[in-house]
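Sequence lines, in order, name chains F and Y. Read left to right, the first sequence gives residues 1 to 420 (full-length UniProt numbering). Read left to right, the second sequence gives residues 1 to 420 (full-length UniProt numbering).
Check before you lean on any hint, since a few could be wrong.
Distance ranges between label pairs, derived from CB positions [stated by the list, open to error]:
no., chain 1, residue 1, chain 2, residue 2, range
1, F, E297, Y, G315, 32 to 42 Å
2, F, Q107, Y, S31, 34 to 44 Å
3, Y, P244, F, D308, 26 to 36 Å
If you're looking for bench data, these hints aren't it; they were derived computationally from the structure. Computed from a predicted structure; not experimentally measured. All C-beta atoms, glycine included, are put in the ideal place defined by N, C-alpha and C.
2 protein chains.
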Amino acid sequence: MRDAVSKRTQSAIDDLCALVRHESLLGNEASAQGWISDKFAAMGLDVERVKIDISALRDQPGFSPPVIDDYDGRENVVGLHRPKNPTGKSLILNGHMDVVPTGPAEQWRHGPFTPHVEDDWIYGRGAGDMKAGIIAYCQALQALHDIGLEPAAPVALQSVIEEECTGNGALACLHAGYKADCAIIPEPFNQTLMTAQLGVMWFQIHVSGSPAHVLDTSAGSNAIESAFGFFETLKEVEEIWNHPTHRHAAFGAHVHPVNFNLGKIEGGEWASTVPPVCTADIRVGFYPGMELEKVRETIEAVKQSALDNHPACKGAKIEITYRGFQAEGCEMDINHPMMSMIGDIHQEVTGKEIKNLASTATTDARFFQIYGNIPATCYGPKAERIHGIDERVSIASMMEVTEVLALFIADWCGVQKRAT
Amino acid sequence: MRDAVSKRTQSAIDDLCALVRHESLLGNEASAQGWISDKFAAMGLDVERVKIDISALRDQPGFSPPVIDDYDGRENVVGLHRPKNPTGKSLILNGHMDVVPTGPAEQWRHGPFTPHVEDDWIYGRGAGDMKAGIIAYCQALQALHDIGLEPAAPVALQSVIEEECTGNGALACLHAGYKADCAIIPEPFNQTLMTAQLGVMWFQIHVSGSPAHVLDTSAGSNAIESAFGFFETLKEVEEIWNHPTHRHAAFGAHVHPVNFNLGKIEGGEWASTVPPVCTADIRVGFYPGMELEKVRETIEAVKQSALDNHPACKGAKIEITYRGFQAEGCEMDINHPMMSMIGDIHQEVTGKEIKNLASTATTDARFFQIYGNIPATCYGPKAERIHGIDERVSIASMMEVTEVLALFIADWCGVQKRAT
Numbered sequence: 001m002r003d004a005v006s007k008r009t010q011s012a013i014d015d016l017c018a019l020v021r022h023e024s025l026l027g028n029e030a031s032a033q034g035w036i037s038d039k040f041a042a043m044g045l046d047v048e049r050v051k052i053d054i055s056a057l058r059d060q061p062g063f064s065p066p067v068i069d070d071y072d073g074r075e076n077v078v079g080l081h082r083p084k085n086p087t088g089k090s091l092i093l094n095g096h097m098d099v100v101p102t103g104p105a106e107q108w109r110h111g112p113f114t115p116h117v118e119d120d121w122i123y124g125r126g127a128g129d130m131k132a133g134i135i136a137y138c139q140a141l142q143a144l145h146d147i148g149l150e151p152a153a154p155v156a157l158q159s160v161i162e163e164e165c166t167g168n169g170a171l172a173c174l175h176a177g178y179k180a181d182c183a184i185i186p187e188p189f190n191q192t193l194m195t196a197q198l199g200v201m202w203f204q205i206h207v208s209g210s211p212a213h214v215l216d217t218s219a220g221s222n223a224i225e226s227a228f229g230f231f232e233t234l235k236e237v238e239e240i241w242n243h244p245t246h247r248h249a250a251f252g253a254h255v256h257p258v259n260f261n262l263g264k265i266e267g268g269e270w271a272s273t274v275p276p277v278c279t280a281d282i283r284v285g286f287y288p289g290m291e292l293e294k295v296r297e298t299i300e301a302v303k304q305s306a307l308d309n310h311p312a313c314k315g316a317k318i319e320i321t322y323r324g325f326q327a328e329g330c331e332m333d334i335n336h337p338m339m340s341m342i343g344d345i346h347q348e349v350t351g352k353e354i355k356n357l358a359s360t361a362t363t364d365a366r367f368f369q370i371y372g373n374i375p376a377t378c379y380g381p382k383a384e385r386i387h388g389i390d391e392r393v394s395i396a397s398m399m400e401v402t403e404v405l406a407l408f409i410a411d412w413c414g415v416q417k418r419a420t
Numbered sequence: 001m002r003d004a005v006s007k008r009t010q011s012a013i014d015d016l017c018a019l020v021r022h023e024s025l026l027g028n029e030a031s032a033q034g035w036i037s038d039k040f041a042a043m044g045l046d047v048e049r050v051k052i053d054i055s056a057l058r059d060q061p062g063f064s065p066p067v068i069d070d071y072d073g074r075e076n077v078v079g080l081h082r083p084k085n086p087t088g089k090s091l092i093l094n095g096h097m098d099v100v101p102t103g104p105a106e107q108w109r110h111g112p113f114t115p116h117v118e119d120d121w122i123y124g125r126g127a128g129d130m131k132a133g134i135i136a137y138c139q140a141l142q143a144l145h146d147i148g149l150e151p152a153a154p155v156a157l158q159s160v161i162e163e164e165c166t167g168n169g170a171l172a173c174l175h176a177g178y179k180a181d182c183a184i185i186p187e188p189f190n191q192t193l194m195t196a197q198l199g200v201m202w203f204q205i206h207v208s209g210s211p212a213h214v215l216d217t218s219a220g221s222n223a224i225e226s227a228f229g230f231f232e233t234l235k236e237v238e239e240i241w242n243h244p245t246h247r248h249a250a251f252g253a254h255v256h257p258v259n260f261n262l263g264k265i266e267g268g269e270w271a272s273t274v275p276p277v278c279t280a281d282i283r284v285g286f287y288p289g290m291e292l293e294k295v296r297e298t299i300e301a302v303k304q305s306a307l308d309n310h311p312a313c314k315g316a317k318i319e320i321t322y323r324g325f326q327a328e329g330c331e332m333d334i335n336h337p338m339m340s341m342i343g344d345i346h347q348e349v350t351g352k353e354i355k356n357l358a359s360t361a362t363t364d365a366r367f368f369q370i371y372g373n374i375p376a377t378c379y380g381p382k383a384e385r386i387h388g389i390d391e392r393v394s395i396a397s398m399m400e401v402t403e404v405l406a407l408f409i410a411d412w413c414g415v416q417k418r419a420t
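Full structure from sequences and hints, please.
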């Protein structure tokens with residue numbers, strides 16, 4: 001298998017570079033999804049498209065209010081291997097095609113969507129998170145094909161949208177009925193085995209101050225400063241949740257598992273006017289087992305505390321809108337055979353014992369694990385600076401993941417002679 | 001004179017409402033300037049237009065780097081009364097046509113550019129600051145005309161742009177050679193006599209953090225939080241400058257003369273990405289006698305202190321651009337005959353002693369006073385919530401100012417029978 005995978009290295013690099021060129025930012029996923037659709041078809045898979053039908057998903061557990069409302073032309077793509085006489089255990093390999101914004105493009109050495117290969121690294125927005133994972137699961141199946149084999153059980157390759165903001169892409173696939181005996185997502189977690197993931201909640205605060213001429217700033221309340229007053233108050237909760245006594249056991253070893261992020265802000269319009277309005281987008285992390293409703297109650301309590309006690313919030317109005325991730329945390333079933341099989345194959349391929357990861361971010365694994373009754377985890381390549389400037393993924397690691405996935409398919413699904 | 005002015009009340013209201021309808025925001029002053037040009041012409045004045053030629057102004061004292069670069073079609077308008085045989089002292093009546101942004105239009109009871117008359121108030125953006133002042137100086141001259149008189153000395157009515165961000169409009173008029181024995185600006189300062197004004201400086205900070213996935217916020221530095229760290233450090237200077245021991249004598253009685261304002265902010269692009277960049281517009285006030293260069297040195301020292309000491313600024317880069325107001329503070333000549341004449345007429349018209357005002361904002365008076373050797377002050381109507389929501393001006397006050405200006409013209413310039 002190593003030979004078969006090794007021979008595919010250049011193909012994997014070429015594929016990843018081609019895919020990075022598709023600027024699959026939120027709302028702009030169609031051309032990348034077209035590329036993967038063609039790829040799946042060329043691999044001999046049955047290709048299906050899965051629409052994200054908000055009216056159908058809205059009442060499903062795990063649904064998150066969209067960040068952009070229009071899902072027209074924005075679909076998941078699924079490539080299905082359906083053996084005529086299935087014998088083994090079925091498998092879903094899932095990856096997300098959406099990438100996060102690039103930051104200032106001029107800060108990238110070669111531009112965010114101009115893939116660049118240097119030594120062992122491929123640079124580009126989404127190269128690591130997680131187009132390399134998508135390429136890896138494709139190449140794994142192709143490596144089997146190369147040696148005349150194919151899985152003996154159904155395998156679904158899923159390329160979904162909106163992993164980075166709602167998870168509604170993965171939810172739509174689940175709702176469409178795709179099931180399997182387990183699911184693996186090759187997220188760029190440095191070939192660790194994910195055993196738990198935090199919950200993540202996004203919300204937007206809309207702060208109204210009281211605008212006035214700056215000749216007397218005390219006559220108005222500054223909405224920008226009020227927004228910060230809220231965030232300062234919120235950070236006290238972050239500190240408490242990170243305190244060892246408050247931690248979920250799975251995150252005991254982390255330096256700082258729970259991260260609150262003031263990710264975006266916009267307020268005011270004139271240097272000499274006390275700004276009347278300010279909007280800020282905030283992300284909070286929280287532990288598995290904490291209910292979404294309780295997290296929201298905490299946030300509302302923070303708002304009241306800020307209004308009551310923070311000097312910068314005096315006289316302000318704060319409205320909170322929950323949109324984007326309303327994502328529960330979850331723990332994986334570390335005793336499931338799928339988990340030990342990944343660990344064993346990883347050790348066989350790399351010569352090293354696999355390390356477990358309790359992720360401080362969310363992934364689409366939650367849909368399979370919590371809502372789909374499908375044991376799931378993440379196992380994917382080494383990448384650096386995901387969400388940052390000059391994001392990059394290790395080619396060697398991508399190929400090791402390809403090999404691990406190919407062997408996993410062979411062991412989990414069984415193999416048979418490839419039908420022609 | 002009171003009768004003549006009183007009879008013009010409805011005309012003044014109509015004129016002000018007409019003028020408020022012109023949305024003379026920065027860059028959009030042309031239609032309002034067209035209106036006043038027609039008005040000046042209808043009053044029998046010679047109308048001149050004064051271009052803002054940045055290449056000519058750039059090296060003039062008092063110049064401020066523009067906020068928007070294009071001055072095409074954005075001109076000052078001057079209406080000139082030129083008596084054939086001038087005898088008295090000449091006068092400039094100056095007002096600015098530009099208005100500040102409106103804030104959220106939906107928060108206005110009747111929309112910012114939908115003038116609304118209720119009891120003694122006219123509502124609208126710019127109604128007070130300072131279209132009522134412009135209408136007042138027009139109506140004052142018209143009241144003289146109504147009783148068959150005209151000034152015996154040259155009078156220039158100036159309607160300038162960019163008082164609210166650079167002062168380059170007033171500077172262009174000065175540079176074009178308009179001179180007089182004194183200048184009055186009917187800024188909406190509640191019929192006080194302005195004896196001093198603060199300096200004002202605008203600058204923009206560009207903060208670069210180090211973007212990263214929020215799964216470990218400590219891996220990046222948050223540019224939004226760094227921007228706030230800078231502003232927090234800057235506010236320490238505001239506190240020092242407001243301390244009684246640091247105050248300029250003219251501002252000794254103020255509660256809080258020096259105001260620093262974080263007026264606008266924009267940063268980040270994604271809730272789950274540590275924001276890589278943030279831009280903020282800041283306004284600082286400072287006392288007459290403080291040199292611009294010293295103020296900038298203070299700001300640069302604050303930047304270094306924030307980078308060295310503020311935890312939120314660790315690892316950030318901060319660049320500062322000085323654009324918009326680089327406006328020195330100044331003191332007026334309170335012993336000048338023009339000042340006492342305004343005070344005397346105010347008392348005659350209102351029955352009350354005039355109050356002095358040391359303004360905590362800047363006005364175009366600085367150009368006349370510091371750079372033009374033209375004694376200048378502000379005396380204008382009562383207005384409320386300038387730069388705020390539901391800005392409004394008192395009609396009674398506007399008409400009192402009209403009367404004071406008419407009497408001032410008569411006393412200062414002398415009058416003669418109106419030429420027909």
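* To do: Compare the structure with the hints numbered earlier in the document and write down the numbers of the violated ones, lowest to highest.
  => none
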